[in-house]
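Peer 1: Here is how the chains run, residue by residue.
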Amino acid sequence: MRSRSLSESIKYIIALIMVLWAIFPIYWIVATSLKATHEAISIPPIWVPNPPHIENYLNPVPIQEPYRGWTGLIDSLICATGAAILALVIGLFAGYGFSKLNIRGTNSWLNWILSIRMLPLVAVIIPIHAIFRTIGLIDKYPGIWIAHLYFNLPFCVLMLKSFFDTVPTDLLESAKTEGYSDIEVFWKIALPLIRGGVATTFLFAFIFSWNDFLFQWLLTKHDVRAVMIVIPNIIKSPGTEYWNVMAAVGVLSFIPTITLAIILQRYLVRGLTLGVIRR
Amino acid sequence: MVKVYVKGVNKSFGDIQAVKDLSFTVNHGEFFCLLGPSGCGKTTTLRMLAGLEKPDSGEIYFDELLVNDLSPQERDVAMVFQFYALYPGTTVYKNLALPLEARKMSKSEIDRAVRETAKLLRISDILRREVGALTIGERQRVALGRALVRKARVYLLDEPLTNLDAKLRATMRVELIKLQKELKMTTIYVTHDQIEAITMADRIGVMNLGVLQQVGTHEELYNSPSNKFVAGFIGTPPMNFIDCSLNEAEKTLEMGGSATININSDAVNIIKSKATSHELILGVRPEDIVIVPERGFKAVIDSSEFLGDKQVLHLTIDGSTITAVAPGETEFQSGREVRVSFRKFLIFDRKSEIVLAKG
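Residue numbers (my numbering), protein chains in the order written: chain A, 13 to 291; chain B, 343 to 701.
Everything labelled a hint here was simulated from the structure, so no lab data went into it.
Each residue gets a CB set at the ideal place from its N, CA and C atoms; glycine is no exception.
A portion of the hints provided could be inaccurate.
Claimed, not checked - Listed below are several chain B residues computed to face chain A (Cβ distance under 8 Å; list not exhaustive):
1. L412
2. P414
3. Q415
4. V419
5. L440
6. A444
7. R445
8. F571
9. G574
10. G577
11. P579
12. P580
13. F583
Claimed, not checked - One-sided excerpt, in silico: chain B residues whose CB lies under 7 Å from chain A:
14. L394
15. A455
16. L469
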């Protein structure tokens with residue numbers, strides 16, 4: 013009995029260390045975002061800022077260019093949501109096709125799609141920049157949406173294909189014989205069964221887009237400025253390090269992704285319940 | 343209800359020819375069974391009838407209507423799948439209603455049809471239950487209900503009883519026949535289980551390796567099989583096959599060793615005219631082997647399986663092992679020597695495996 017409780021406590025201690033390890037950076041950035049500029053770099057560190065400097069979030073005086081923390085947040089939301097939806101829509105059709113429609117050479121197609129994902133972004137950023145400049149997509153939301161397909165689309169296609177794979181083909185064929193057209197089978201039968209998978213895929217695509225720096229940095233100038241680009245711009249010249257303001261924008265930048273993860277959590281955890289078909 | 347004509351249908355998947363030159367007819371309201379081992383092309387045939395696969399060549403008609411190029415939606419068939427294919431996470435009611443919703447029927451019509459079908463299949467009390475919570479037998483009924491809930495031209499059933507336990511299967515067989523006769527449904531039923539085929543079907547088509555071997559009632563298939571495959575597939579325990587050769591002068595079949603069977607001169611003439619050589623196969627059903635007090639072939643009993651009213655004996659005659667069915671009351675000890683005679687037998691060509699003569 014005693015040895016069991018001992019091993020239990022060791023488990024809890026290890027779990028506690030892991031949780032602290034994961035939570036500490038978040039705590040630190042939140043704490044820093046509420047400090048005064050000199051407090052942010054003081055040694056010994058200040059653990060709990062008192063009083064909290066909420067103004068870091070609102071209108072920090074010392075920043076020269078107009079403060080773009082909040083507009084950056086909105087730009088990021090538009091970029092990431094649009095990019096994720098675009099990739100999701102195309103990915104749904106492609107994934108369904110590869111999974112259920114016996115497309116000739118499906119495996120070669122999938123390998124090819126996967127290999128795109130392996131290519132480093134820097135390898136393609138210059139041609140993409142050149143193309144976008146020619147067709148006028150620089151500094152535009154659709155430009156970012158299309159550019160992000162580069163990493164989001166392979167991911168969405170492969171994820172959604174594997175979710176569609178879990179839908180029994182019998183179910184779809186049975187719907188066909190019952191009088192549903194191909195589009196209705198996709199829309200009314202297959203899609204509702206992978207709701208959870210769609211939510212998960214959307215979340216990941218959203219996070220990938222949100223976290224992208226390279227594309228958003230090189231393909232935008234003034235009109236579109238994602239929060240990821242705003243953060244490094246806060247430090248303009250040596251000696252004027254507003255770590256506190258940077259931390260504040262940093263906090264803004266992770267609030268949407270965390271919120272979304274909490275909303276979609278039940279889908280992430282629940283997964284698919286397809287226990288009806290016995291195999 | 344329609345009459346179904348299948349004319350010279352072929353279907354290949356890559357290099358594998360799943361169905362070869364298939365032709366048969368299913369009459370109005372007939373219960374037609376496609377019987378064969380797995381991989382014989384019976385499910386492919388059913389899927390072509392449903393419109394889920396397209397034949398490479400050949401024609402399929404529902405009455406006068408050529409359906410080759412019609413989608414499943416346009417063909418108006420109802421199909422029951424082996425794994426039931428119920429929509430997960432929905433109620434029994436919803437499952438029964440879906441095929442009608444697909445046809446854009448009104449709510450009240452749907453409700454009436456669902457309740458009627460539920461009553462017919464005795465699932466009225468579980469209409470509100472979720473399909474995940476059903477027993478396998480209930481799921482099977484719901485799957486059947488989904489096919490029956492609307493009036494289709496043809497009902498296609500793909501091994502619907504395979505997943506049930508033996509007792510439930512027997513009950514469902516009886517209920518299925520009753521329903522089919524009551525509703526006069528043109529039914530095509532696919533199975534690998536000869537008992538299902540024999541007990542339910544008006545006519546049976548036996549398939550092997552993509553080729554339809556023979557079509558007939560179960561009596562026809564049992565009494566006059568056209569080849570060795572059908573003879574061996576229909577009947578339990580299966581027919582015994584013993585290699586033999588024709589001795590024209592003596593008018594006998596020699597089974598190796600000392601055992602010979604006399605045949606009449608008509609049979610000799612038929613064999614001579616139809617056989618590819620003197621190499622033949624003798625086919626005897628276990629139930630046609632009788633233990634006799636004298637004469638007959640010497641046989642040694644290897645073992646016996648007691649089945650109540652009868653028993654299955656495993657015998658050795660001249661080195662070949664055969665099975666026989668004997669009444670249950672007599673006790674046979676292993677190792678005992680008995681004499682057996684064949685009440686009836688069939689003679690096959692060893693190369694073509696076609697039935698040449700009966701004896």
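Peer 1: Confirm or reject each hint.
Peer 2: Taking the hints in turn, this is what the structure says about them:
1. L412: With a closest approach of 12 Å, the B/L412 hint is violated.
2. P414: Status holds, d = 4 Å.
3. Q415: holds, 5 Å
4. V419: This hint holds: B/V419 lies near chain A, its Cβ roughly 6 Å from the closest one there, short of 8 Å.
5. L440: holds, 7 Å
6. A444: Holds. Min distance 4 Å.
7. R445: holds, 5 Å
8. F571: violated, 29 Å
9. G574: violated, 31 Å
10. G577: violated, 31 Å
11. P579: violated, 30 Å
12. P580: With a minimum Cβ separation of about 30 Å from chain A (threshold 8 Å), the hint on B/P580 is violated.
13. F583: Check failed: Cβ of B/F583 comes no nearer than 36 Å to chain A, outside 8 Å.
14. L394: holds, 5 Å
15. A455: Constraint on B/A455 not satisfied, violated at 13 Å.
16. L469: violated, 16 Å
Hint violations for this structure: numbers 1, 8, 9, 10, 11, 12, 13, 15 and 16, all remaining hints satisfied.
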